[in-house]
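*Asks:* Residue numbers (UniProt numbering), protein chains in the order written: chain P, 1 to 467; chain A, 1 to 467; chain U, 1 to 467; chain Y, 1 to 467.
Please note that a few of the clues may not be correct.
[Claimed, not checked] No more than 16 Å apart at the CA atoms, straight line, and that leaves these computed lysine to aspartate or glutamate pairs for EDC-like:
#1 K398/Y with D155/P
#2 K458/A with E302/P
#3 K147/P with D155/Y
#4 K147/P with E302/Y
#5 K398/A with E409/U
#6 K147/A with D309/U
#7 K214/Y with D250/Y
#8 K398/U with E230/A
#9 K458/Y with D154/U
#10 K398/P with D154/Y
#11 K398/Y with E24/P
#12 K458/U with D307/Y
#13 K217/A with D27/A
#14 K112/Y with E122/Y
#15 K398/U with D249/A
#16 K149/A with E200/A
#17 K149/P with D309/Y
#18 K306/P with D145/Y
#19 K398/U with D155/A
#20 K217/Y with D27/Y
#21 K398/A with D249/U
#22 K398/A with D154/U
#23 K460/Y with E285/U
#24 K460/A with E285/P
To be clear, the hints were calculated from the coordinates, so they are not data collected in a lab.
Protein chains: 4
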Amino acid sequence: MGLKTAEQYVASLRDGRVTYWDGERIDDITTHPRFRVPIAVASRDYAYDDPKAAELRSFTTEDGGRAHRIYQIPRSEADLAQRVELMYHTSIVGLVSGVYMALMSVKDAVAKVNPQYAANIEAMYRHARDNDLRAAEVITDAKGDRKRKAHEQDDPDLYLRIVKRTDEGIVVRGAKLHITAASLCHELVVMPTKGMRQDETDYAVSFSIPVNTKGVKIINRSFAPAELNEFDYPASAHHSIPEGFVVFDDVFVPWNRVFLAGEVQLASIFAQSLGLWERTGGLVEAVRMAEIFVGLAQLVTEQQGKDRDPIAQNSVAELISYAEMLRMSLDYACRHCERTPSGMIHPNVLAVNVAKYYYAANYHQMMRYVHDLGGGLVITLPLEADFRNEESGQYLRKYLRSVPGVEAETRMRVYNLIRDLTADAYGGWQFVVALQAGGGLNAQRIMMHRTYNMAAAKAKALAAAGA
Amino acid sequence: MGLKTAEQYVASLRDGRVTYWDGERIDDITTHPRFRVPIAVASRDYAYDDPKAAELRSFTTEDGGRAHRIYQIPRSEADLAQRVELMYHTSIVGLVSGVYMALMSVKDAVAKVNPQYAANIEAMYRHARDNDLRAAEVITDAKGDRKRKAHEQDDPDLYLRIVKRTDEGIVVRGAKLHITAASLCHELVVMPTKGMRQDETDYAVSFSIPVNTKGVKIINRSFAPAELNEFDYPASAHHSIPEGFVVFDDVFVPWNRVFLAGEVQLASIFAQSLGLWERTGGLVEAVRMAEIFVGLAQLVTEQQGKDRDPIAQNSVAELISYAEMLRMSLDYACRHCERTPSGMIHPNVLAVNVAKYYYAANYHQMMRYVHDLGGGLVITLPLEADFRNEESGQYLRKYLRSVPGVEAETRMRVYNLIRDLTADAYGGWQFVVALQAGGGLNAQRIMMHRTYNMAAAKAKALAAAGA
Amino acid sequence: MGLKTAEQYVASLRDGRVTYWDGERIDDITTHPRFRVPIAVASRDYAYDDPKAAELRSFTTEDGGRAHRIYQIPRSEADLAQRVELMYHTSIVGLVSGVYMALMSVKDAVAKVNPQYAANIEAMYRHARDNDLRAAEVITDAKGDRKRKAHEQDDPDLYLRIVKRTDEGIVVRGAKLHITAASLCHELVVMPTKGMRQDETDYAVSFSIPVNTKGVKIINRSFAPAELNEFDYPASAHHSIPEGFVVFDDVFVPWNRVFLAGEVQLASIFAQSLGLWERTGGLVEAVRMAEIFVGLAQLVTEQQGKDRDPIAQNSVAELISYAEMLRMSLDYACRHCERTPSGMIHPNVLAVNVAKYYYAANYHQMMRYVHDLGGGLVITLPLEADFRNEESGQYLRKYLRSVPGVEAETRMRVYNLIRDLTADAYGGWQFVVALQAGGGLNAQRIMMHRTYNMAAAKAKALAAAGA
Amino acid sequence: MGLKTAEQYVASLRDGRVTYWDGERIDDITTHPRFRVPIAVASRDYAYDDPKAAELRSFTTEDGGRAHRIYQIPRSEADLAQRVELMYHTSIVGLVSGVYMALMSVKDAVAKVNPQYAANIEAMYRHARDNDLRAAEVITDAKGDRKRKAHEQDDPDLYLRIVKRTDEGIVVRGAKLHITAASLCHELVVMPTKGMRQDETDYAVSFSIPVNTKGVKIINRSFAPAELNEFDYPASAHHSIPEGFVVFDDVFVPWNRVFLAGEVQLASIFAQSLGLWERTGGLVEAVRMAEIFVGLAQLVTEQQGKDRDPIAQNSVAELISYAEMLRMSLDYACRHCERTPSGMIHPNVLAVNVAKYYYAANYHQMMRYVHDLGGGLVITLPLEADFRNEESGQYLRKYLRSVPGVEAETRMRVYNLIRDLTADAYGGWQFVVALQAGGGLNAQRIMMHRTYNMAAAKAKALAAAGA
């Protein structure tokens with residue numbers, strides 16, 4: 001119990017979990033090349049040794065133990081600021097494990113309906129926290145035909161559902177899609193994908209089970225082949241995490257791990273508890289990336305000697321504007337944080353949704369500015385190996401020279417990062433992630449309508465209209 | 001000395017100023033119908049009687065007197081917040097008078113070059129403050145051919161310049177354009193329109209003179225005819241302020257009113273001292289208007305019974321997003337305020353420029369959403385008189401009925417405000433104001449490049465690129 | 001019978017029609033100042049004397065008479081080209097009178113249901129054609145609550161309906177909105193606003209009646225006051241046409257003027273017969289205006305000496321692109337025209353809808369480019385009277401000088417046209433017209449879905465997907 | 001001599017050319033796995049056997065021989081239409097070989113300066129045509145610091161230049177970038193990258209040499225690893241063509257292959273002769289792809305049961321609008337084709353530039369619509385191998401079920417094509433290709449300014465302004 005080392009984390013993944021990738025059933029992911037980078041990424045969050053990292057990454061629980069700070073429930077604006085700072089330095093595997101912290105925010109509401117469920121949430125939160133576990137957010141159902149409700153589908157399993165209830169627990173069947181890092185976690189925290197109606201009782205279900213539970217199967221997918229060279233792929237050589245298509249083939253869940261089993265009135269608060277934190281995570285990443293895009297845009301412009309070109313300056317200014325609007329809105333969301341009845345602090349809901357929407361809605365256009373600045377070399381630049389090859393490399397060194405003080409190698413690195421982030425497998429994947437992670441544009445529009453103070457706006461408009 | 005009443009303000013405008021409008025030389029603007037609304041607007045800032053208004057609008061100077069708060073030099077974040085609150089309740093005539101407060105921010109820099117100029121700034125600031133004067137920001141030159149510098153123009157007067165220097169003062173000649181409220185102020189505060197080069201000595205000039213100084217002539221223009229009905233024109237019936245084309249026909253300025261006369265190295269800091277506050281004012285107005293646009297969009301949608309229409313909801317959400325991004329960035333600009341060497345507090349320069357840019361660059365598109373929601377009635381709705389006429393009015397009452405609880409009159413008022421703000425003379429004028437007031441898009445892009453921490457962005461990009 | 005002179009047209013408007021404007025019931029519109037410009041506009045279409053105009057504007061009917069070409073039913077691509085050329089030179093009053101020509105396109109379909117209706121259409125077409133009448137397109141109902149169908153409204157009259165049927169004819173009640181030029185026409189051609197369901201029988205009604213029919217009342221509205229100076233308002237001084245809010249207060253329509261009275265299955269083809277031609281008219285106007293916007297943008301740029309400024313060139317290029325995409329798509333729509341079963345030729349439906357959509361969806365953004373180029377003088381330029389006034393005029397002549405060869409007066413005219421078209425009452429009105437005339441964005445999207453060859457696109461996509 | 005077979009083409013590539021890829025010097029590209037797909041793509045253009053293909057792909061020369069139609073010089077609108085049809089069915093290797101045909105359009109202008117150059121062009125055209133060769137367009141220089149001209153660079157070789165002139169020919173040195181298909185062609189046709197000034201004599205050079213000429217070295221790059229599975233990569237498994245970084249290390253060119261050697265006044269007409277055809281090719285591809293995007297958007301929407309969702313319909317309509325605007329403008333460009341003095345027909349220059357600009361400027365935004373419709377499965381869908389694996393495949397078949405009649409496999413294929421085209425290595429590459437191929441946005445803006453009839457637009461604007 002307590003904080004794990006990276007080695008302990010890796011060892012803990014050898015637990016018989018059923019994982020597929022590219023048609024292969026992988027028995028031990030810790031030795032499989034496809035999982036080398038993902039496990040390295042996840043392991044970095046277990047680096048507590050350095051005092052500064054320890055301060056950033058861990059906190060003292062109310063029991064006096066040390067736990068990963070992702071499990072800390074923010075109770076003040078300062079806590080929230082610290083959490084945001086943590087997010088900048090935490091992998092997506094760590095971030096999604098905040099799911100238990102989010103669940104704690106609905107505990108009081110759950111307790112009113114069924115105190116046992118609330119107790120289960122609390123117990124699981126402590127179990128995961130105190131064992132330094134990682135947990136995946138398991139939400140999106142297969143959904144089938146969107147025009148029809150869960151129980152109206154041709155196959156009733158197209159939304160994950162309870163197929164059996166016993167004295168010991170429930171048996172569930174279904175599949176959950178886009179489950180980030182499912183294969184790299186210890187627990188799967190399952191939630192309903194949306195609010196449920198009266199007649200969708202079997203679909204209002206939430207629980208947490210170990211990844212190696214019998215009947216759980218994960219089919220993985222990522223943008224990346226196993227190994228990428230870090231010169232040519234400066235970002236994606238380090239950042240790949242697989243998404244899981246997670247199947248529950250009649251999986252048994254004991255009652256003490258169940259958080260919801262039929263109480264449809266609670267389904268939507270479960271579904272929403274995570275969205276805010278997912279989008280906050282997305283926004284933190286957006287702020288981080290947008291600044292890098294500004295830097296890349298300026299570098300590639302300067303390196304071509306075009307930094308006095310008004311059209312180039314215009315494009316860079318658009319990127320600055322994007323980066324700063326994002327940074328300001330994240331700052332606002334944290335300073336204007338909100339408090340739940342039980343005293344948990346979270347970022348301003350409207351602010352996060354508006355900012356995430358702004359990020360997603362404008363991402364493609366911003367990449368157009370980057371691509372306009374970068375020019376054709378973004379995609380036609382030769383590979384590192386050609387640069388290292390003496391015969392061909394001499395030409396690259398000679399002909400990639402531009403303004404004084406800039407090495408051919410530096411230019412190549414800048415071009416490679418632009419390509420990797422915006423115009424290659426990882427970059428292509430990022431377009432969709434920017435738009436869809438944490439819910440697509442429509443999900444944010446719905447939240448804007450729900451949280452905006454429309455009564456005030458209408459009153460001001462009517463007053464201005466003289467009505 | 002001290003605060004003026006509205007009546008005293010009006011009386012003070014009868015001072016022999018030379019003002020033209022629509023071909024007429026107007027000897028007394030206080031009795032001319034074209035100036036009725038503008039003077040009423042300006043007079044509202046002199047309403048100090050109500051204690052709440054007094055608190056909002058006035059402050060105690062270091063001499064113990066009371067003065068309009070627009071003259072208060074912010075020395076803390078709280079001062080700045082109070083100033084922003086004031087801006088929401090102050091006319092543009094009051095706002096531009098902040099020019100002396102802005103000048104105080106450059107006083108120290110000026111003192112290093114010429115202490116007398118600095119003393120003049122301080123004296124004029126106190127004079128204006130202690131007499132509750134209004135002062136116009138007089139900046140933009142005629143400019144002639146933009147490819148050529150000031151002294152290269154066919155006519156050397158196309159930028160305002162010093163034509164003579166005497167022991168008593170200087171004589172200036174030229175014209176200044178887009179001078180908001182020139183005819184409604186007591187003082188004209190003249191600044192260089194831009195930085196000046198070595199050979200543009202005569203053009204580096206700044207001073208303050210009374211509006212009725214010999215040789216000053218103002219040609220007025222506004223979007224509005226004299227009188228507008230407030231039912232049909234709910235906004236513009238109350239809000240018109242003329243812009244002045246201000247001519248300096250060999251105007252003498254005594255040395256004690258001169259702030260700059262040839263020291264080219266100071267020209268650009270004068271020119272920039274105002275831009276920030278102009279844009280802050282624009283941003284405050286943007287926040288106020290954007291919320292009203294959301295309210296109007298929602299009202300017109302509900303009143304058509306279309307509030308469940310996804311396309312309509314989408315358009316409203318876009319407007320919410322716009323309004324909130326603006327509100328968040330203004331909040332950020334104030335919380336992350338900056339301090340000059342002499343201890344004056346001002347909004348964050350980068351934040352204000354980015355936010356103003358966002359406002360201006362997206363304004364037209366946002367109006368497209370409003371127009372899409374409003375439909376044809378925005379422009380085809382009959383006038384109030386038709387509504388009041390018994391014969392025709394009965395039909396309007398009958399046929400403008402839509403959802404329960406909404407009166408035809410309310411619908412008309414909502415449509416009228418939409419049209420007035422976005423699709424009529426005032427609305428048309430607003431498109432240009434949104435884009436050009438406080439400097440066009442390019443002016444903000446330049447400031448973004450100047451103030452963004454590009455070194456940090458490049459460093460992060462290079463680190464990410466492995467370079 | 002035969003072509004009318006302009007004088008005969010004007011005289012024919014003195015027929016007792018009931019018209020209101022600004023609260024006044026106007027007994028003779030031909031002598032009322034508000035109608036001076038509108039009647040002048042409409043009269044221009046009656047100028048047949050000049051041989052070239054006669055050739056453009058009139059054609060020989062199958063009976064050997066001469067009629068306005070707006071009544072000519074296109075039977076070949078050449079006819080269509082001639083009609084488009086005519087549209088460039090015809091007022092909106094003439095254009096809407098094409099309604100009978102459009103009705104002729106549905107005559108065959110109507111005949112299958114009720115041959116008498118078809119005969120009535122043909123007779124009315126000949127009557128209007130042979131008497132050189134003008135007819136308004138009377139379509140949009142008041143609509144009330146959009147969530148409810150016609151017969152579900154609180155007031156059943158919110159969609160125009162048949163309230164009584166007799167042996168002699170029908171009696172109708174309701175109001176029609178946005179009826180362009182209603183007061184300037186001879187006939188009102190009423191159509192259902194949309195397709196009607198089984199239970200909306202009373203609302204499936206179409207007919208034509210004289211404007212002066214008992215019970216018809218028109219409440220007018222335009223963007224413009226009565227008189228505008230043509231220097232300051234170069235466009236709107238000449239172009240105003242009022243929109244009518246047209247009330248049918250138990251109006252009797254004899255059977256021989258009825259085209260539809262309860263046959264719900266025909267309602268939508270009536271409603272659609274006009275949309276195509278309205279949008280074609282809108283597209284012709286779009287092509288005409290877009291070229292003028294390019295010209296204005298370039299002129300205002302050159303006149304500031306900014307024609308070598310890359311940002312300005314970029315904005316002008318965007319406007320060129322807009323103008324040319326519109327011109328090319330109109331050309332395409334005519335060359336790829338379509339033929340009805342009865343041999344009538346009309347522009348390509350998909351092309352017209354796509355092009356109108358492109359026009360409308362991008363109009364606001366294009367005006368942003370114009371406003372960015374124009375700068376503040378677009379709205380702050382003094383008026384003509386100030387220019388003509390000797391005292392103030394001398395300064396305008398002096399200070400509006402810019403590049404060699406450009407007169408101050410020319411600059412003023414260019415600024416005035418920009419303002420008038422984009423940033424004043426007429427310009428504001430144009431934003432809404434661009435978006436809403438001929439149906440808003442959604443109306444065009446619906447038509448795109450209906451007419452696009454989706455089967456082919458899906459087949460190609462599936463083939464490319466290997467499915 | 002005459003048409004080659006695919007086998008002859010492949011054999012002809014074994015000629016000692018010096019080619020690098022990923023650090024490896026490849027001696028025989030015809031047996032190297034990286035070249036398998038590219039050579040297969042290029043070989044398809046040599047399929048003349050089928051009579052329909054023969055008709056499409058070949059024509060009878062004036063000498064009575066058969067040649068690939070890419071060499072046919074269009075002399076009528078019908079020829080041009082046939083050429084466009086050919087472009088839809090020709091690989092990029094074939095398309096770029098149109099370079100000689102384009103050169104023929106400048107022959108007359110060249111002849112006026114130096115008849116021998118013109119004769120060389122003609123001879124090379126016939127040589128390539130009559131031997132069914134493929135030729136790369138070798139234009140873009142390394143360029144170094146864009147602020148400086150060719151001869152001002154730190155290294156004079158940053159633009160390709162003549163380093164020596166002898167009686168036998170010239171010796172050139174430099175590098176050319178983004179040379180599509182360089183390794184797959186027989187000839188390299190070198191052109192100046194831009195117009196040249198008086199003092200850039202050595203840089204005004206054009207010639208054609210075999211790829212295996214001594215001193216020529218090609219470093220290849222493509223988006224793709226060697227082999228891609230065609231289920232997971234339905235587009236890119238078939239379409240990869242490498243771009244070449246082509247080095248000229250003191251390459252000797254005999255005089256009979258030189259088209260330009262110092263006559264700076266001709267440089268820009270060489271540079272421009274190709275741009276039009278490159279952009280036409282880009283536009284043809286744009287039309288083809290845009291239709292597929294519409295199909296994919298509609299398929300993915302229907303397969304989720306969301307085809308009645310207004311937001312989805314809106315996104316599809318935007319894609320329809322994009323596809324049709326492109327199709328209409330390509331049609332226009334061909335119908336309004338232009339004739340050179342020597343009688344060669346080419347597409348309308350303004351139309352092609354405007355349409356290519358519209359394509360490129362809106363491509364990113366259109367992909368946003370596709371990504372919004374596709375949702376997360378675009379990137380998280382498991383691979384084919386997981387689908388074929390019995391254990392994991394059963395779950396994919398079960399849980400990817402949605403609306404009746406759609407197989408899981410079909411859904412996977414549709415998602416895979418969307419991902420491959422828009423959100424993976426090939427898709428990322430396509431973003432840059434859309435923007436940069438044939439010259440970036442600015443290149444098209446320049447051509448718009450050059451070819452738009454600005455005088456007419458200004459005259460109309462002035463007339464409308466009353467000036």
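*Asks:* Return the numbers of the hints above that this structure violates; sort them in rising order.
*Replies:* Numbers 3, 5, 8, 9 and 11 - these are the hints that the structure violates, sorted from lowest upward.
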